[in-house]
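Engineer: Residue strings, one per chain:
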Amino acid sequence: MEGKAIVITSGKGGVGKTTTTANLGTALAMLDKKVCLIDADIGLRNLDVVLGLENRIVYDLIDVVEGNCRLEQAMIKDKRNPNLFLLPAAQTRDKDAVSEEQMKNLINELKEKMDYVLVDSPAGIEQGFRNAIAGVDLGLIVATPEVSSVRDADRIIGLLEAEGLNDPQLLINRLRRDMVGRGDMMNIDDIVEILAVEVLGVIPEDENIVISTNKGEPIVLKDKTYSGKAFNNIAKRIEGQDIPLMTIEKESLFNKVKRIVGLS
Amino acid sequence: MFISDEKTETKGEGSKNIAKERLQFILVQDRIKLSPQQMEEMKAELLDVIKKYIDVDDNDIEMDISREEEMMAMIANFPLKKRE
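Chains as they are written, first to last, in this note's numbering: chain A, 2 to 265; chain B, 917 to 1000.
I should point out that these hints are in silico values taken from the structure, not numbers from a laboratory. Glycine is no exception: its CB is placed at the ideal position from the N, C-alpha and C atoms. Where hints are given, some of them may not hold.
Claimed, not checked - The calculated PhoX-like cross-link candidates involving lysine-lysine, where the alpha carbons are at most 25 Å apart (straight line), are:
hint, chain 1, residue 1, chain 2, residue 2
1, A, 34, A, 114
2, A, 35, A, 223
3, A, 13, B, 997
4, A, 13, B, 932
5, A, 13, B, 967
Claimed, not checked - Some chain B residues well away from chain A (every beta-carbon gap over 12 Å; in silico):
hint, residue
6, 929
7, 931
8, 954
9, 964
10, 978
Next comes chain A alone, as it looks inside the complex:
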């Protein structure tokens, strides 16, 4: 088996990298793919918490690269899906405890066993980011429709391309239909025009995400929610299915009337 390794990155913190990694991993596993998630945020691990697996950690990524345990011993099997595994970050070490070369080897080893290896990148553009992109095949950039996030995304696209990771794809997170409707938030076309990259998916702002994170249950388990549906669609696109982007920025009738009358 020769799987595909994908890094989920952003530059800016707090835009949803970990939530995206947890949900795409779970969604791909639900499509009967074998998936291993790697938390590359050494010292600030959180992917385990978002997945509700924090009580199962025995060994971590650093233990594997230092030879304290075998890779299989550190991989935590998800409690809901037997196809999904997590390789947690170390919480008490720093980013220099692992090298790019070690990450490359680790990912290559995992690609032999898995259909997908998803790497959750730390924020920033320092060594932690360099480690997270070492050995991957594709970069997925998460950005919210805000000036600071789009700016950082542009920087990351440049850095990925400099490392030979061409054609990164964009996930636009936390899009608010109401704000886009009244012209107070950049829409998909605006962001594409600025960044000139392909959009793999759009996830609406959804309070269900907070609830799902509170519980440690990825939102993709609830396909009825907007955000759950969006993540499931993205997973299907990664699998090569042709699923159109959700039309989450349709202008409401109320807003349309307001606009025509000139109230907004």
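Chain A is fixed; fit chain B onto it per the hints.
Structural biologist: Relative to chain A, chain B alone:
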């Protein structure tokens, strides 16, 4: 009517256009890695060079770096002085 006009200016146009314009400007600077001061210095030097050889109309000179499709370009416009 006056109030509604003011509202149109800040809300109807939508702040996203401001975001877009600012971003486009910021990204050009990020990509060429020049500070606004360096940019101004470069423009002044370029102008000096051009003026050494041709008579240009100082008032109507335009120099801007912008994004054209996939690539960035510096587009300059040096109108020649009209012959008196």
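Engineer: Take the hints in turn and mark each one as holding or not.
Structural biologist: Do the hints match the structure? See the list:
Proximity of residue 34 of chain A to residue 114 of chain A is assessed by CA-CA distance (about 11 Å); at most 25 Å being required, the pair is judged to hold. Distance hint between residue 35 of chain A and residue 223 of chain A is fulfilled; the C-alpha atoms sit about 20 Å from each other, no more than 25 Å. With a CA separation close to 49 Å, the supplied pair residue 13 of chain A and residue 997 of chain B exceeds the 25 Å bound. As the CA atoms of residue 13 of chain A and residue 932 of chain B are separated by approximately 20 Å, the hinted pair is consistent with the 25 Å bound.
Only pairs whose Cα atoms come within 25 Å are accepted, and residue 13 of chain A paired with residue 967 of chain B is rejected, the gap being roughly 45 Å. A cut-off of 12 Å between C-beta atoms contradicts the statement that residue 929 of chain B is not in contact with chain A; the least separation is 7 Å. Listed as outside the interface, residue 931 of chain B is inconsistent with that label: its C-beta sits roughly 5 Å from the nearest C-beta of chain A, within the 12 Å cut-off. Residue 954 of chain B, annotated as away from the interface, keeps every beta carbon of chain A farther than 12 Å; the closest lies near 19 Å.
For residue 964 of chain B, the non-interface assignment is confirmed: its Cβ lies about 32 Å from the closest Cβ of chain A, beyond the 12 Å cut-off. Even its closest Cβ contact with chain A, about 23 Å, leaves residue 978 of chain B beyond 12 Å, as expected for a residue assigned away from the interface.
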